[in-house]
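Chemist: Listed below, chain by chain, are the residues.
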Amino acid sequence: MTASLFRSRETVLAAAILVLVLAIAVRFPAFVSPSNLAGVFNDTAPLIILALGQMAVILTRCIDLSVAANLALTGMIVAMLNMVMPELPIAAILLIAVSLGALMGLINGLLVWKFEIPPIVVTLGTMTIYRGLIFLISDGQWINAHEMSDAFKAFPRGIVLGLPVLSWIAIVVTGLFMVLIGRTSLGRAFFAVGGNPHAAVYTGIDVGRTQCAAFVLSGALAGLTGYLWVARYAVAYVDIAGGFELEVVAACVIGGISIAGGIGSVAGALLGALFLGIVKNALPVINISPFWQLAISGTAIIIAVAFNATSNRTKGRVILKKAEHAS
Amino acid sequence: MLATTQGIGDAHPTTAGSDRPLLSLRGISKSFPGVKALSDVALDLYPGQVTALVGENGAGKSTIVKVLTGIYQPEEGEIVIDGKPVRFATAQDAGTAGVTAIHQETVLFDDLSVAENIFIGHAPRTRFGLIDRAAVIREAENLLERIGARIDPNVTLKELGIASKHLVAIARALSIDARIVIMDEPTASLSHKEIEETYELVEQLKAEGRAILFISHKFDEIFRIADRYTVFRDGQKVGDGKIDDISEQDLVTMMVGRSVDQVFPQRTSNPGNEVLKVVGYSHPTEFEDIGFSLREGEILGFYGLVGAGRSEFMQALFGVTKPSKGAVRIDDRIAVIRTPNEAIGHGIVYVPEDRGKQGAIKGLPIFQNVSLPSLGTTSKNGFIRLAEEFTLARDYTRRLDLRAAALDQDIGELSGGNQQKVVIAKWLATQPRVIILDEPTKGIDIGSKAAVHEFMAELAAQGLAVIMVSSEIPEILGMSDRVIVMREGRIAGEFEGDALTPEHLVRTAAGIEETKP
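As given, the protein sequences belong to chains U and H, one line each in that order. Going by my numbering, the first sequence opens with residue 1, and the numbers climb by one from there. Going by my numbering, the second sequence opens with residue 1, and the numbers climb by one from there.
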C-alpha cells in the first residue's frame, strides 16, 4: 500500500533527496559523479556529526544552541595549543578537543539539570559566553595556515580507503549513534524522557541526568568537530561557524526529529543533514544565488514540520479505525 | 461593561428564602464513550439558599458542574433560569447568564495582580477604550472589602495562599454579579480558621439572595451551612430535599447504596509472611505518621477523600518525593528508598493514577514501554538484546491478554484499558514483591475494569502483595482484604472483616467519627 510506504518519515525524506539529486543530475550530470558526491558528503560531515549530537538533546525535550560556539572555542584552543606545542600528537589533540567540548556540554547540562533553567536560555547564554571567550583568549587575532603544523592540518584530509578521514569520522559517529540510540539504556532513556518525562520518573529514570548526558554528548561532538573544522579550513578566528547552530537544528527538524521531544531517528538526522548539504552544494553548480539557499532551507523546514504533523494525525486515525474494526 | 460597574453593589435581598427555583436542570443526560456520566438528572437551586451536592467520586458531580458552566453540552434535558429555558453553548454563555464556579484549584492567573484577576475580561474602561487602571484597583478594593478580605489588590496572585485565592475568586464572582455560585469543595485544602471565614462568606452570599451549589464530602459542614441537599449516585439523582428533614446516617446510606450490577472476583485470601512494614512515614506538608504492614498475597485498600494524602504517601514510598521521617522494612530488613530506581530494586513498583501523564510513554512502541524498567535484565555488557527484550514483552503482555495488532505498535494507538495493561505489564516484568495500584480502574470502561479486578486477584493469589488506592467504595469493598482510611494526611482508621462497611469508610474519611480498630 502507498499509505504504509509513506508512513516512514525517513523513506519520504530519502525519496525527496533522491528526486533532488536526479533533478540536478538531469542538467548537470557531473554533480552525480562519485567523486563529486563524495565531496558533498565530506562537506556535510561536520553538519552530520553535530546534528547527531543535537538529536540526542532534542529527543530529551531540550535544545543546544551553543554547539557552534563550542566548536569555535574548542577549535581556537586546539589551534593555539598546536601553535605553542607543534609536536603534540594528533591523538592528544583529538582527546583534548573531545574533552573540552564535553566539558562545555557538561556546563550546559548541569545548569539545566541542577538549576532547572530552560535549555534555550542556558545555551543562548553559554553560546554568547563561549564566543566571548574566543575573543579573550585570541585577542581577536586569526590563527592562519602557516601557524599550524602540517600534521595538524593534514589529519582530516588524509585519505583512507578512498574517503577523507573527516568523512570516515562522520560515518563512524553515525554507526556509534545507531548502537547508542537503538541498543543502550541511555538511548532508550532519551526517548522516554522526551516522550513522557513524568512516566520516565516513575520508571526509575532520572530526567535531569539523562538530559545532562545528552548535552555532554552534544558538547563532545561539537568539540571534536571544532578541531576537524579548524584543521580542514586551516584557519581559526572568533566567528567561525557563526550561526551554524541553526543549520544543525534545521537538519534535525527536516530529519523528522520532533522539537517536542521523544520522536526521531539516527537515519532521520543523517538524511536531514544530507538534504541541507546537497542543497548547499548544488545551488552554486546550477547558478542560483546562495541567498536562495536560505529560502530553500527555510521552506524545507516548514514543509518537513507540516508533513510530520499531518502524517502523525492520519497515522493515528488509520490505526484507530483498524483497531475498532478488529474488536 | 460601562465605565463604572454600578451593578456590583446590587443584591437580591427580596428573593431570599424563596420556594421558586432560580435555576433548574431537567432531565439532563451526558455520555462519554463507554460511560454514561449523567442520566436523566434534575437539580434545583433556590435564591438565598445553599444546596449541597453529595455523592461519591464518579457519581457525576463534576460533570454536572461542567454542564452548568457551559463546558459540556448535555445530549438531553434543559437548563431553566427564572422560568426561561437557556442554552449554554460556551463557558461565556454561562457567565453571561450569571453562573460562576469557584473550583477546588482556582483557575486564576498566578502572575497577574489580584485586581487584574478580578476584572480580567470585563475591566472598566476609559473613554478611549483602554483599561481604566485606577477604576480597576478602586473597584477591586470595594469588592474585597465587601467580602471582608484583607487583600491588597495590587499584590501578585501567586503571593497569596489558597484561602486568599478563593476569596479573589469569590470577588471575581461578585464582580460579574453572578446570581448562581458553584463552590466545588471550597474548604478541601483550607485551615480551620480559613474554613470559618469561608462559611461566613457563604452566609453573606446567601443573604444577598444568590443561589449557591455547594459540593462537599464533609458532612459536618453540609449540615452546618446547607439548606437543601441533592444526592447523586452513579450519574443519577437518588434523592433531594431540605437538610432539616434528613439525618446524617440517612444521607450516608443514600450516597453509598451499593450498586448491584458490579461483580467482583471471588477470592479466598490466605496472606503469607509479612513483606512490607512502614513505620512513622511523615512528610513536612502532605502526610504524617503513616505506618502499616503488608503480607504476601494480601490486597490492602487505601480509601480517603481527594486530598487525603494517599497518592502523596505512595509517591514517597516509591521514592519520587522524600519523606522527612520514617522507615521502610522489606522482609524485615531496613530498605532505603530515595529514588524510584531504589524502590524498583527493593521490589516495590507503582502504577500511577494518571496513565497518560505518568504511565505510558507515547512514541515508544509497546515492547519498549514494557522493557523500560527491566533493561538491566535484557542487556548484556551494556547493550540491549532485542530478542530478549521482545520475548520479555511478549510474555508479560500475553499474561495480561493485551489486545494489540503488534508489539512494535506505538502505545499511543491503544485504547485506555489496553494502555493500562501495558503499564501493568511493564511493572510485572520487573518481578516485584509489592505492587501499588493508584486508582487502577479510573476512567476505563466496565469491561476493562472487570479484567483489571480479575487480574489483581490473580496477582494476589500468586503471592504478590498489592496496595490499591481507590476512591470508589464498591471497588474498595469488593477487592480489599483490609482497608486503611486516610484523612488529612493521617491514618484515620483501619478496617477488616465485618467492620469493613461502606458507612464506616465514608464516615471515617469524612471525619464524622474517629474509629480505631
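Derived by calculation from the structure, the hints in this document are not laboratory data. Source: prediction; values computed, not measured. Do not take every clue at face value.
To be verified - Between beta-carbon pairs, the in silico distance windows are:
(1) U:S289 / H:L386: 13 to 21 Å
(2) H:T156 / U:P290: 25 to 33 Å
(3) U:G298 / H:K158: 52 to 60 Å
(4) U:V160 / H:N341: 39 to 47 Å
(5) H:G148 / U:I302: 35 to 43 Å
(6) U:V21 / H:T156: 53 to 61 Å
(7) U:L18 / H:D395: 40 to 48 Å
(8) U:A92 / H:T391: 43 to 51 Å
Unchecked claim - Derived BS3-like pairs (lysine-lysine); straight-line CA-CA distance at most 25 Å:
(9) H:K322 / U:K114
(10) U:K114 / H:K277
(11) H:K322 / H:K380
(12) H:K36 / H:K322
(13) H:K277 / H:K325
(14) H:K277 / H:K242
Said to hold, decoys possible - Covered stretches of chain H (in silico footprint by chain U; criterion: 3 or more residues with CB under 8 Å from a CB of chain U, positions within the stretch not fixed):
(15) 301-308
(16) 331-341
(17) 344-353
(18) 361-370
Every residue, glycine too, gets a C-beta built ideally from N, C-alpha and C.
Chemist: Now tell me if each hint is right for this structure.
Modeler: Status of the hints after comparison with the structure:
The hint said 13 to 21 Å for the Cβ distance between S289 of chain U and L386 of chain H, and at roughly 48 Å that hint is violated. Distance hint check for T156 of chain H and P290 of chain U: the Cβ-Cβ separation is about 50 Å, which falls outside the suggested range of 25 to 33 Å. Roughly 39 Å separates the CB atoms of G298 of chain U and K158 of chain H, a value that falls outside the hinted 52 to 60 Å. Remark: the range hint 39 to 47 Å for V160 of chain U to N341 of chain H is upheld by a beta-carbon distance near 43 Å.
Distance hint for G148 of chain H and I302 of chain U: a CB-CB separation of about 56 Å, inconsistent with the stated range 35 to 43 Å. Judged by the Cβ atoms, the range 53 to 61 Å given for V21 of chain U and T156 of chain H holds: they are separated by roughly 58 Å. As the Cβ distance of L18 of chain U to D395 of chain H is approximately 42 Å, the hint placing it in 40 to 48 Å holds. In this structure the hint that A92 of chain U and T391 of chain H lie 43 to 51 Å apart at CB holds, the actual value being about 46 Å.
Our distance criterion of 25 Å between C-alpha atoms is met by K322 of chain H and K114 of chain U, whose separation comes to about 17 Å. Only pairs whose Cα atoms come within 25 Å are accepted, and K114 of chain U paired with K277 of chain H is rejected, the gap being roughly 33 Å. For the suggested pair K322 of chain H and K380 of chain H, the alpha carbons sit about 33 Å apart, so the restraint of at most 25 Å is broken. Between K36 of chain H and K322 of chain H, the direct Cα distance comes to roughly 40 Å. Violation of the 25 Å bound is thereby established for this hinted pair.
As the CA atoms of K277 of chain H and K325 of chain H are separated by approximately 14 Å, the hinted pair is consistent with the 25 Å bound. Between the alpha carbons of K277 of chain H and K242 of chain H the distance comes to roughly 47 Å, so the proposed pair goes past 25 Å and is violated. Given as covered by chain U, the segment 301-308 of chain H fails the check, having 0 residues with a CB less than 8 Å from a CB of that chain where 3 are the minimum. Here the segment 331-341 of chain H counts 3 residues with a CB under 8 Å from a CB of chain U, which clears the bar of 3, and the coverage holds.
For the segment 344-353 of chain H, the stated coverage by chain U is satisfied: 3 residues place a CB nearer than 8 Å to a CB of that chain, which reaches the threshold of 3. Here the segment 361-370 of chain H counts 5 residues with a CB under 8 Å from a CB of chain U, which clears the bar of 3, and the coverage holds.
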